[in-house]
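Trainee: As a plain string of letters, each chain reads:
There are 2 protein chains.
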Amino acid sequence: MSTHELIERYWRYANARDWPAFGSLLAENIVYEVPQTRERVRGKEAYIEFNATYPGAWQAEVMRIIAEESRAVSNVAFRIGAEIAVGISFFELEDGRITRIIDYWPEPYEPPLRNTAHIERYDT
Amino acid sequence: MSTHELIERYWRYANARDWPAFGSLLAENIVYEVPQTRERVRGKEAYIEFNATYPGAWQAEVMRIIAEESRAVSNVAFRIGAEIAVGISFFELEDGRITRIIDYWPEPYEPPLRNTAHIERYDT
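Which chain is which? The protein sequence lines are F and L, in order. The numbering of the first sequence is my numbering, which starts it at 1 and goes up by one. The numbering of the second sequence is my numbering, which starts it at 1 and goes up by one.
Check before you lean on any hint, since a few could be wrong.
Since the list can't tell identical chains apart, any single copy or any two copies may satisfy a pair.
What the hints assert, rightly or not - Computed list of lysine to any residue pairs in SDA-like fashion (alpha-carbon distance at most 25 angstroms, straight line):
1. 44 <-> 81
2. 44 <-> 56
3. 44 <-> 82
4. 44 <-> 59
5. 44 <-> 118
6. 44 <-> 107
7. 44 <-> 116
8. 44 <-> 17
9. 44 <-> 83
10. 44 <-> 93
11. 44 <-> 123
12. 44 <-> 112
13. 44 <-> 87
Derived by calculation from the structure, the hints in this document are not laboratory data.
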């Protein structure tokens, strides 16, 4: 299985709440981190539980996957009802399993004033 | 030049304020977007000016690059004095030049309360 396919399955199994299949992609000693909140989850069982208990009928739509052999990134639209959050996940792999995930959830903000005429604002 | 090397040069030339070298990596019709602010800059000259006028003695330290042939992502620590922002940039390339950049600047936030015992908070 290519790393690209593995990351596709990661999100497919998460969306399906198929935790045994999801867990089969993870190393026993996986570490998950969210630098924005300094949250960390260690170990496969804990990380499955972290996902399985995430509230809401969420679905992640994969917008983009970029993969090398042992590293990848995914960019997803994470939907809970009418709300959409952008998720960016960096993955590290060893022996075909995910050993590390670093997750970012960038939120909208007002840009600083800039001394250039070249910036447009677009509608979402 | 590999795509990985091209992205390394993108940041090296930006840090050096070497705008001719920086511009040589960009397609004439490059589009730059920041989904969090809905900012958009179109065209090579405008995008160079956008960078050249960015205030402060900023330096981007490349933490991670993941590259396929025509797509890549970089994760940088963007330093202005004592402040550090995390930047995540998705690149699209055509004919060896960058045609599109989608930039994210995820900021710290307080995590929601979660019904799981498995989440640690770590120090930065």
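Trainee: Determine for every hint whether it applies to the structure shown.
Mentor: Structure-based check of each hint:
Taking the shortest Cα distances, residue 44 and residue 81 never come within 25 angstroms of each other, neither inside one copy (28 angstroms) nor across copies (39 angstroms). Taking CA atoms no more than 25 angstroms apart as the test, residue 44 paired with residue 56 passes inside one copy only; the shortest distance there is 22 angstroms, against 43 angstroms between copies. Proximity of residue 44 and residue 82 under a CA criterion of 25 angstroms is satisfied in neither setting, with 30 angstroms inside one chain copy and 36 angstroms between copies. For the homomeric pair residue 44 and residue 59, the shortest alpha-carbon distance inside one copy (21 angstroms) is at most 25 angstroms, but the shortest distance between copies (37 angstroms) is not.
Taking identical chains as interchangeable, the C-alpha atoms of residue 44 and residue 118 lie at most 25 angstroms apart only when they sit on different chains, with a minimum of 11 angstroms there against 47 angstroms within one chain. For the identical chains of this complex, residue 44 and residue 107 are neighbours neither inside a copy (28 angstroms) nor across copies (27 angstroms), given an alpha-carbon limit of 25 angstroms. In this assembly of identical chains, residue 44 and residue 116 lie within 25 angstroms of each other by CA distance solely across copies; the values are 14 angstroms between and 48 angstroms within a copy. With identical chains, the CA atoms of residue 44 and residue 17 are at most 25 angstroms apart within one copy only, with a shortest distance of 15 angstroms there and 45 angstroms across copies.
For the identical chains of this complex, residue 44 and residue 83 are neighbours neither inside a copy (28 angstroms) nor across copies (34 angstroms), given an alpha-carbon limit of 25 angstroms. Only within a single protomer do residue 44 and residue 93 lie at most 25 angstroms apart by alpha-carbon distance; the minimum there is 14 angstroms, versus 36 angstroms between protomers. Proximity of residue 44 and residue 123 under a CA criterion of 25 angstroms is satisfied inter-copy only: 22 angstroms between copies versus 40 angstroms inside one chain copy. Proximity of residue 44 and residue 112 under a CA criterion of 25 angstroms is satisfied inter-copy only: 22 angstroms between copies versus 41 angstroms inside one chain copy.
In this assembly of identical chains, residue 44 and residue 87 lie within 25 angstroms of each other by CA distance solely inside one copy; the values are 21 angstroms within and 28 angstroms between copies.
Hints 1, 3, 6, 9 from the list above are not met by this structure, while the remaining hints are.
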